[in-house]
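Asks: With the hints as extra help, turn the sequences into a complete structure.
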Amino acid sequence: MADATPSLALPLIAAGQAQKHVTHNEALALLDALVQLAVLDKDRTAPPTSPAEGDRYLIVSNTPSGAWTGWAGRIVRFQDGAWVSLPARVGWLAFVADEADLYLFTGSAWVPFRSTLTLLQDLSRLGIGTAADADNPFAAKLNKALWTALTTGEGGSGDLRYTLNKQAAGNVLSLLLQTGFSARAEIGLTGDDDFHMKVSPDGGAWFEALRIDRATGRIAFPSRPTVADVPVLTGQVITGNSGPGSVPAGVARYFTNALISGYQSEVYAAAGRRGRFRQLRVVTQGAPGAGQSWTFTLQKLFSDTALTCTIAGSGSNQAADLTNSVVFEAADRWCLKVVSSSGATATTNILFSLLFDNLD
Numbered sequence: 037m038a039d040a041t042p043s044l045a046l047p048l049i050a051a052g053q054a055q056k057h058v059t060h061n062e063a064l065a066l067l068d069a070l071v072q073l074a075v076l077d078k079d080r081t082a083p084p085t086s087p088a089e090g091d092r093y094l095i096v097s098n099t100p101s102g103a104w105t106g107w108a109g110r111i112v113r114f115q116d117g118a119w120v121s122l123p124a125r126v127g128w129l130a131f132v133a134d135e136a137d138l139y140l141f142t143g144s145a146w147v148p149f150r151s152t153l154t155l156l157q158d159l160s161r162l163g164i165g166t167a168a169d170a171d172n173p174f175a176a177k178l179n180k181a182l183w184t185a186l187t188t189g190e191g192g193s194g195d196l197r198y199t200l201n202k203q204a205a206g207n208v209l210s211l212l213l214q215t216g217f218s219a220r221a222e223i224g225l226t227g228d229d230d231f232h233m234k235v236s237p238d239g240g241a242w243f244e245a246l247r248i249d250r251a252t253g254r255i256a257f258p259s260r261p262t263v264a265d266v267p268v269l270t271g272q273v274i275t276g277n278s279g280p281g282s283v284p285a286g287v288a289r290y291f292t293n294a295l296i297s298g299y300q301s302e303v304y305a306a307a308g309r310r311g312r313f314r315q316l317r318v319v320t321q322g323a324p325g326a327g328q329s330w331t332f333t334l335q336k337l338f339s340d341t342a343l344t345c346t347i348a349g350s351g352s353n354q355a356a357d358l359t360n361s362v363v364f365e366a367a368d369r370w371c372l373k374v375v376s377s378s379g380a381t382a383t384t385n386i387l388f389s390l391l392f393d394n395l396d
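For the sequence shown, my numbering gives the first residue as 37, with consecutive numbering after it.
With a straight-line Cα cutoff of 16 Å, these simulated EDC-like cross-link-like pairs (lysine to aspartate or glutamate) come out:
no.	residue 1	residue 2
1	K336	D368
2	K373	D340
3	K336	E302
4	K78	D137
5	K373	D357
6	K202	D229
Calculated from the structure, these hints are not laboratory results.
Replies: So, in structure tokens, the structure goes:
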């Protein structure tokens with residue numbers, strides 16, 4: 037029969053042994069030292085000057101001194117007025133009180149238990165710097181966050197794609213931006229599969245600023261820009277560029293600044309105040325060609341107005357109407373229409389300007 041147990045090295049009472057209480061008490065002392073192992077500190081290199089009975093320490097230093105000399109990596113306990121050395125085994129855990137942290141013995145060193153965790157599965161809650169709850173099973177309170185791609189040298193692809201998924205089109209998938217836990221902006225698929233961008237002054241009232249149709253890619257601005265929102269060079273001069281969208285031969289297109297479409301409803305801008313539009317000027321990148329033309333007309337809602345001009349032939353790339361004018365109410369919507377003749381050269385980036393006189 038062995039003299040001690042194989043795991044904790046507890047002394048065993050031999051058959052016919054005298055003074056059995058001595059062996060029994062020694063085993064109890066070892067159990068008291070090792071079960072529910074919690075130590076005061078792990079960073080000391082020498083014993084404290086006034087230890088209390090039962091105090092325990094981990095010795096992680098490779099060169100402990102004093103009564104601990106030669107006990108590197110061991111557990112020590114102050115017992116009956118002297119220090120007792122207890123060897124650790126692979127896999128033992130010790131709670132270090134001054135750090136409030138767990139350490140694991142690897143067989144050669146004590147390491148933070150958290151550093152050994154490489155896989156977490158099926159967690160119901162996770163809080164980083166704060167407490168997670170049923171409504172927010174993942175919660176983080178921090179000042180910075182970094183997501184970086186796993187490189188090809190590390191076995192990854194070098195790409196990083198952040199994927200969010202909702203159950204059905206009628207559900208919400210969005211990024212909600214808040215100030216003081218009151219919503220101010222929301223971006224995403226909110227209630228359908230179109231892309232939406234909306235803002236709020238108070239977290240209750242919402243104004244949709246932009247919507248992109250999932251099927252066509254067309255952009256709509258439900259809260260239309262007003263005259264005051266269009267880029268201005270002087271007090272009442274409205275200027276713009278139709279953008280890269282092309283105007284092919286034989287079609288009509290509608291545009292305001294940076295927006296061009298085959299539909300007025302996708303580009304209309306509200307006047308925003310009562311006023312008079314006049315002095316329409318247009319400049320293009322080239323000419324429509326011999327016998328061809330581009331005709332530009334200010335539209336009110338879905339109707340042409342008297343404010344119009346035409347670039348014709350191959351000798352000019354600009355035109356103006358400095359005679360006519362049109363009065364708009366605040367709620368009236370405007371855009372410019374361009375009609376390209378059947379053989380005209382395609383054009384892009386049409387520059388225009390209008391004068392707007394405030395009549396309020």
